[in-house]
Amino acid sequence: MIMWAILSILVENKPGILFKVTHLFRSRNFNIDSISVGTTENPDYSKMTITTYGDEKRIDQIVKQLDKMIDTVKVEHLDEHKTVFRELSLFKIKLSNANDSMEVNKLANAYGGKVHDVKKDSIMVELTATPDQIKAFEELAKPFGILDVARTGVAALQRSGA
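Here our numbering is used: the first residue of the sequence shown is 10, the next is one more, and so on.
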């Protein structure tokens with residue numbers, strides 16, 4: 010059964026580590042759905058959060074391969090039910106008339122979004138949510154006309170006691 014997986018990878022903060030990790034995915038014919046990387050509280054380490062799809066056997070295989078890499082400190086396959094995960098997205102949406110601005114504002118508010126850069130012909134919405142919520146917002150915004158989208162990739166932390 011194909012499943013969505015969130016992988017949390019603590020790595021040494023060295024040049025080339027991102028390439029090594031992504032190359033491992035490519036060499037195993039795995040696609041990366043999203044990736045986010047940032048330095049941790051200790052500047053010697055970075056945390057990568059990678060989301061991907063695969064069956065349980067393939068996910069386990071990639072976790073084991075990542076764990077064998079010299080520069081990796083810890084690799085975890087996070088349980089999405091015991092994890093807080095969010096993604097930041099920015100949408101530039103077309104405004105055809107004055108009423109569209111109010112409607113997009115209502116839509117943004119319904120999803121906890123923030124409105125930025127309101128112009129005569131476009132509006133920008135910032136949304137921090139789960140990938141499913143972002144997809145739902147995107148579907149509802151499509152009729153207005155989506156001019157551009159930028160997404161950061163998932164950031165995730167396992168809940169305490171999980």
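FYI, nobody ran anything at the bench for these hints, they're computed from the structure.
Some hints here could point you the wrong way.
Straight-line Cα separation of at most 16 Å, EDC-like style, residue types lysine to aspartate or glutamate; simulated pairs [to be verified]:
no. : residue 1 : residue 2
1   : 101       : 80
2   : 144       : 80
3   : 129       : 147
4   : 73        : 85
5   : 128       : 157
6   : 103       : 148
7   : 66        : 80
8   : 123       : 85
9   : 91        : 53
10  : 103       : 157
11  : 23        : 42
12  : 115       : 85
13  : 128       : 112
14  : 144       : 126
Label pairs and their in silico Cβ distance ranges [as the list claims (entries may be wrong)]:
no. : residue 1 : residue 2 : range
15  : 77        : 114       : 30 to 40 Å
16  : 24        : 95        : 49 to 59 Å
17  : 114       : 167       : 19 to 29 Å
18  : 38        : 106       : 16 to 26 Å
19  : 10        : 141       : 13 to 23 Å
20  : 141       : 66        : 33 to 43 Å
21  : 28        : 149       : 12 to 22 Å
22  : 10        : 168       : 33 to 43 Å
23  : 118       : 40        : 31 to 41 Å
24  : 106       : 170       : 22 to 32 Å
25  : 115       : 21        : 25 to 35 Å
No experiment lies behind these values; they were computed from the predicted model shown.
The beta carbon of each residue, even a glycine, is placed where N, CA and C say it ideally should be.
Evaluated hints:
The straight-line distance between the Cα atoms of residue 101 and residue 80 is roughly 39 Å, outside the 16 Å bound, and the hint therefore fails. For the proposed pair residue 144 and residue 80, the alpha carbon gap of about 34 Å is over 16 Å, so the pair is violated. Pair hint residue 129 plus residue 147 does not hold up; C-alpha atoms about 21 Å apart against a cutoff of 16 Å. A threshold of 16 Å between alpha carbons decides the hint, and for residue 73 with residue 85 the separation of about 10 Å falls inside it, so the pair holds.
Distance hint between residue 128 and residue 157 is fulfilled; the C-alpha atoms sit about 15 Å from each other, no more than 16 Å. A threshold of 16 Å between alpha carbons decides the hint, and for residue 103 with residue 148 the separation of about 14 Å falls inside it, so the pair holds. Straight-line distance between C-alpha atoms of residue 66 and residue 80 comes to about 24 Å, which puts the hinted pair past the 16 Å bound. At most 16 Å may separate the alpha-carbon atoms for a hinted pair to count; residue 123 and residue 85 exceed this at roughly 32 Å.
Only pairs whose Cα atoms come within 16 Å are accepted, and residue 91 paired with residue 53 is rejected, the gap being roughly 27 Å. Between residue 103 and residue 157 the alpha-carbon distance is near 9 Å, which keeps this suggested pair within the 16 Å criterion. A distance of roughly 23 Å separates the Cα atoms of residue 23 and residue 42; the hinted pair therefore is violated under the 16 Å criterion. About 38 Å separates the Cα atoms of residue 115 and residue 85, which puts this hinted pair outside 16 Å; it is violated.
Among the hinted pairs, residue 128 with residue 112 is consistent with the structure: their alpha-carbon atoms are about 15 Å apart, no more than 16 Å. For the hint pairing residue 144 with residue 126, the CA-to-CA distance comes to about 22 Å; that exceeds 16 Å, so the pair is violated. Evaluation of the 30 to 40 Å hint for residue 77 and residue 114 yields a failure: the beta carbon distance comes to about 50 Å. Between residue 24 and residue 95 the beta carbons are some 28 Å apart, a value that contradicts the proposed interval 49 to 59 Å.
Checking the proposed 19 to 29 Å range against residue 114 and residue 167 shows it is violated: the Cβ atoms sit about 35 Å from each other. A hinted range of 16 to 26 Å for the beta carbons of residue 38 and residue 106 is inconsistent with their spacing of about 48 Å. For residue 10 and residue 141, the Cβ-Cβ distance of about 18 Å falls inside the hinted range of 13 to 23 Å, so the restraint holds. In this structure the hint that residue 141 and residue 66 lie 33 to 43 Å apart at CB is violated, the actual value being about 25 Å.
At roughly 38 Å, the beta carbons of residue 28 and residue 149 sit outside the given window of 12 to 22 Å. Here the CB-CB span from residue 10 to residue 168 is close to 24 Å, at odds with the stated 33 to 43 Å. At about 34 Å, the beta-carbon gap between residue 118 and residue 40 stays in the expected band of 31 to 41 Å. As the Cβ distance of residue 106 to residue 170 is approximately 51 Å, the hint placing it in 22 to 32 Å is violated.
The hint said 25 to 35 Å for the Cβ distance between residue 115 and residue 21, and at roughly 47 Å that hint is violated.
Going down the numbered hints, you'll see the structure goes against 1, 2, 3, 7, 8, 9, 11, 12, 14, 15, 16, 17, 18, 20, 21, 22, 24 and 25, while the others check out.
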